[in-house]
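A.B. asks: Spelled out, the chains give:
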Amino acid sequence: MSTEPEKKLGFPVRSSHVEMGYGKFPYVIIRLHYAIYMQIPIHFVKEQQEGMTGILIQTPSDDPKEQQSLLLNSIWKFKQQIDAQKKNSHRLCVVLDANQAYYFGPEGLKFSHSIPAGGTLIANQNEFVAMGHQHHIESKNTERHG
Amino acid sequence: MKKQLAVRLSSGLEVNFHTTEVLATSTFIDVPPVVLEHHFPILLHFTHGALVSTLHLSQLRDALLLHLDENLQFQSATYAYHHPQGDFDVQSQSPYVLIIPLPIPFDLQHIQSIQIITNTETK
Numbered sequence: 005m006s007t008e009p010e011k012k013l014g015f016p017v018r019s020s021h022v023e024m025g026y027g028k029f030p031y032v033i034i035r036l037h038y039a040i041y042m043q044i045p046i047h048f049v050k051e052q053q054e055g056m057t058g059i060l061i062q063t064p065s066d067d068p069k070e071q072q073s074l075l076l077n078s079i080w081k082f083k084q085q086i087d088a089q090k091k092n093s094h095r096l097c098v099v100l101d102a103n104q105a106y107y108f109g110p111e112g113l114k115f116s117h118s119i120p121a122g123g124t125l126i127a128n129q130n131e132f133v134a135m136g137h138q139h140h141i142e143s144k145n146t147e148r149h150g
Numbered sequence: 277m278k279k280q281l282a283v284r285l286s287s288g289l290e291v292n293f294h295t296t297e298v299l300a301t302s303t304f305i306d307v308p309p310v311v312l313e314h315h316f317p318i319l320l321h322f323t324h325g326a327l328v329s330t331l332h333l334s335q336l337r338d339a340l341l342l343h344l345d346e347n348l349q350f351q352s353a354t355y356a357y358h359h360p361q362g363d364f365d366v367q368s369q370s371p372y373v374l375i376i377p378l379p380i381p382f383d384l385q386h387i388q389s390i391q392i393i394t395n396t397e398t399k
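Protein sequence lines correspond, in order, to chains A and B.
Residue 69 in the numbering used here is what sits at position 65 of the first sequence, and the numbering runs on without skipping anything.
Residue 305 in the numbering used here is what sits at position 29 of the second sequence, and the numbering runs on without skipping anything.
Only chain A is shown next, with the shape it has when bound in the complex (with noise of 0.2 Å):
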């Protein structure tokens, strides 16, 4: 019989990902069913940009509070199209740090300090990106400002 502690089932966020900016403040997380979840990476742009995964949001402030007052209407347009492509209501939140996310949901929109984890993590093209792990890395600075 081992005496090895026993592992823990599932992984973190893949460095392969982090790469593209999984696992790094902000992001959206859209529940698609019960425990399975799909991260977008959002990034601050000054330009239009090929390539890049996730949802881009122009402005040219460099000032990571200007960019983040963005947020909430650019989610919420976000939200509006792939509602209105997919014929659903989706249930998502933009998440700002571990204790923080702004959830869009029947009722509104909700402040809460409880963050999604856990579960299926998937990427937008259905890979998987953590399971039975936080959503985000694990680093002194994983807030991204631009």
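Since the hints were derived computationally from the structure, they do not count as laboratory data.
Careful: at least some of the hints might be erroneous.
[What the hints assert, rightly or not] Quick look at which bits of chain A chain B covers, simulated, 3 or more residues with Cβ under 8 Å:
hint : segment
1    : 66–77
2    : 126–139
[Said to hold, decoys possible] Derived pair list, reagent style DSSO-like, types lysine-lysine, alpha-carbon separation capped at 27 Å:
hint : chain 1 : residue 1 : chain 2 : residue 2
3    : A       : Lys69     : A       : Lys114
4    : A       : Lys50     : A       : Lys91
5    : A       : Lys81     : B       : Lys278
6    : A       : Lys69     : A       : Lys83
7    : B       : Lys278    : A       : Lys114
8    : A       : Lys69     : A       : Lys81
[Said to hold, decoys possible] A few chain A positions that, by computed beta-carbon distances, are all more than 12 Å from chain B:
hint : residue
9    : Leu13
10   : Pro16
11   : Pro30
12   : Met42
13   : Val49
14   : Lys50
15   : Thr57
16   : Gln62
17   : Asp87
18   : Ala88
19   : Gln89
20   : His117
A virtual CB, placed ideally from N, CA and C, is assigned to each residue, including glycine.
Put chain B on the given structure of chain A with help from the hints.
C.D. replies: Chain B in isolation, oriented as in the chain A frame:
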């Protein structure tokens, strides 16, 4: 007391905050211990009747203070960044101060109104 506040933005979006209302009977309030006890978001309600209140913000977690009049209309704002270590006090002439954690995902200029939706719990 718990209160649900709705912040209506010019885009039509309405952001709901489940706040703890903290009554302040003194003109001076040390805010970090209040935040430790109740957690964000907090609605400070000054009931002392004086014109000005002093809020001590040293070592407060990054937060935004919205100064609101008696009808909860937005008057001005204070940003507390980087856990200010030195003495950091602000004075407010408003009877209500809503304290929410940073970052803020909307533009303060887009705040149209703030309303109390419900009293959700009484302590």
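A.B. asks: What hint numbers does the structure not satisfy?
C.D. replies: 2, 4, 5, 11 and 20
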